[in-house]
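Residue numbers (my numbering), protein chains in the order written: chain A, 62 to 472; chain B, 604 to 811.
No lab work stands behind these hints, which were simulated from the structure alone. Just so it is clear, CB atoms sit at the ideal spot from N, CA and C, and this is done for glycine as well. Hints are supplied without guarantee of correctness; some may be wrong.
[To be verified] If you anchor each label on the Cβ, the simulated ranges turn out as follows: (1) B:Lys778 with A:Ile274: 24 to 32 Å; (2) A:Ala140 with B:Thr725: 40 to 48 Å; (3) A:Glu83 with B:Met637: 48 to 56 Å; (4) B:Ser619 with A:Arg128: 30 to 38 Å; (5) B:Ala623 with A:Ile217: 26 to 34 Å; (6) B:Val618 with A:Phe247: 50 to 58 Å.
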Amino acid sequence: MFYIERLIPICPAVVSRFPRPEFESGHNIPSTSVPAPPGAGVHVFDLSLLLLALTLAAFIALKWRSRRLMALLSVCSLAYFGFVRHGCLCSVGALQNVSLALCDSAAPMPWYVFAYFAAPLVFALFFGRVFCGGVCPLGMIQDVVAAKPLRVPSWIERVLGLAPYLYLGLAVLFAATGTAFIICRFDPFVGFFRFSGPPWMILAGALVLLAGIFVARPYCRYICPYGVLLRWASSVSWRHLTIAPSHEDGKDGGGCVVCALCADSCSFGAIRKPVSARWEEGRKRGIRKLARTLLLAPLIVVVFGFAGYLASGPLAGCDRRVAREMVLSHMALDSHADTAISAEIQAEAEWVRWKFRVGATAVGVFFGLAVAGTLVSLSVKPKGDIFEPDKMKCLSCVRCVDYCPIHKRSS
Amino acid sequence: MADDGKLHRREFLTVSGRIAAACALGGLATRVLMKGGDNSDFDKPGTRYAWRINPDNCVFCGQCATACVRRPSAVKCVNDQKKCSLCVVCYGHVKDQYVDSKKINTAPKVCPNNAVLRKDLTGGIDGPHTYTIDQSRCVGCAECASRCSEHGSQSMFLIIRPDLCLNCNECEIAKNCPAEAVERVPIAPEDDFLGEYGMNHGPTQNGM
Chain A
62 MFYIERLIPI CPAVVSRFPR PEFESGHNIP STSVPAPPGA GVHVFDLSLL LLALTLAAFI
122 ALKWRSRRLM ALLSVCSLAY FGFVRHGCLC SVGALQNVSL ALCDSAAPMP WYVFAYFAAP
182 LVFALFFGRV FCGGVCPLGM IQDVVAAKPL RVPSWIERVL GLAPYLYLGL AVLFAATGTA
242 FIICRFDPFV GFFRFSGPPW MILAGALVLL AGIFVARPYC RYICPYGVLL RWASSVSWRH
302 LTIAPSHEDG KDGGGCVVCA LCADSCSFGA IRKPVSARWE EGRKRGIRKL ARTLLLAPLI
362 VVVFGFAGYL ASGPLAGCDR RVAREMVLSH MALDSHADTA ISAEIQAEAE WVRWKFRVGA
422 TAVGVFFGLA VAGTLVSLSV KPKGDIFEPD KMKCLSCVRC VDYCPIHKRS S
Chain B
604 MADDGKLHRR EFLTVSGRIA AACALGGLAT RVLMKGGDNS DFDKPGTRYA WRINPDNCVF
664 CGQCATACVR RPSAVKCVND QKKCSLCVVC YGHVKDQYVD SKKINTAPKV CPNNAVLRKD
724 LTGGIDGPHT YTIDQSRCVG CAECASRCSE HGSQSMFLII RPDLCLNCNE CEIAKNCPAE
784 AVERVPIAPE DDFLGEYGMN HGPTQNGM
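Using the sequences provided together with the hints, build the complete structure.
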């Protein structure tokens, strides 16, 4: 209904209603000006702080291996990037600007926004998810409340762990079509950072924080779409946090003596236990299971792709251009008059619908691949004979290091 | 460590994955940041941007005052002095336009915060008066701009003050605006942003 008002043209006054007085005395009419926005300087400053924080986090996770320092860094990050800068710009949201700029060449894309998007990924490629461990204000606000983390059963963990893939797909779809920035719109914590916001946003944030007392960092693990990219980058990282300090021979975590003291130390279920011999026995069964899953994978991808295609209609309805066209065509139907909708509006809506059809199918395929990938990972033999962090899940928070007896001895 | 072949394979996969990820990031950077095309500086990527209200679309609904994440809102009303007719009785100033000239200063005001300031320019009670809007009192409710636009010389309009705007990625006002009047516009580095805000909309005065 909002769109109707827009169509009523504001009648332009051809002549001014009240001619202004003519001044003979040479009265100088002041001109109205708009204050200039703050320069790019503040963003460059923020960016250098972000890079500094990332470097510090990398050093703390890999070199100094100190939870206390990491906690200090995270409190500072939370204070500055969260409460001082009001949580904007953030790397998580910048992902949408990049998606939009990819698809719409007219979209504004300042270089520092791209740097915000890329810097944590580059660091993850080199050192693991140090951004999650000590910099991201969204993660840090949850870290503060994680008082009594419970262990999440692995099947729940896996099912919920798929949600970020869907969220990432939808966020990219909505941003790329120019519909909305849903990560920003449904950001649960930005209301806290700004001390204002719609009631539902504060309520959602409070609920996530409440859940965060018992399930450590639920947003990061089961919602955060940027976390998916970080997971991928971290999985092939050059170096990564290790629980036991590196052995003399240089192998990461080579000093582990499999004492299992760290086994339950991780609040995020990100520690991989040594693989028992059981797997070797069931090798034949494992191969058969893997083959079955691989055969099933294409079917899963096709099903989810088709589901995405079916969902494209309702999803496109969220777009203001499509909604406007729908309201107008309803009005045209109701009035039975030949108030034809302008071809321009119709063409634009059709163009957006086409983009949604393609995009939603792609999102469906992407999610299908994520589901298939999870199933495949279940049937692949895990490797490793020591306790080590799962590079994809590990948030590099350095908590586990304190549980390692070798660490205590060496320091 | 028993089977070296497997370890090597995993290592190889990791390294290739790393290279692929680096290439993907690099490709994305060139694609996003180097996109050329238009010659106009305005569309060049890498420029800064700001939210603004398109005064031609604005319907003065008052959402700007409440929807903004800032309290008070980053939206303020301004009066374009080049367009203002310097009326004795201003629609954006007093509620009752038939009020006696002598009682205008004490009559009920349109602005709930009394932010529209009236100043006598010549000393005569029926002479020209200037109207300015006290930016510290204004909350962007659009009451004055609405009346000025409807009945007056359309010199009052709303702006998003770029110095107050937090430049949120998703503008709450844009989300709530019923007229799609709030848009994100790129600003070129050389643009000082003065006079950017549609100062030329509406009727123009002769000779001004």
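Now the hints, each set against the structure:
1. B:Lys778 with A:Ile274: 24 to 32 Å: Given about 31 Å between the Cβ atoms, the range holds.
2. A:Ala140 with B:Thr725: 40 to 48 Å: For alanine 140 of chain A and threonine 725 of chain B the Cβ distance comes to about 55 Å; the hint is violated.
3. A:Glu83 with B:Met637: 48 to 56 Å: Since glutamate 83 of chain A and methionine 637 of chain B have Cβ atoms about 54 Å apart, the given range 48 to 56 Å holds.
4. B:Ser619 with A:Arg128: 30 to 38 Å: holds, 34 Å
5. B:Ala623 with A:Ile217: 26 to 34 Å: Once the Cβ atoms are compared, 31 Å apart, the range 26 to 34 Å for isoleucine 217 of chain A and alanine 623 of chain B holds.
6. B:Val618 with A:Phe247: 50 to 58 Å: At 37 Å between Cβs, range violated.
Hint violations for this structure: numbers 2 and 6, all remaining hints satisfied.
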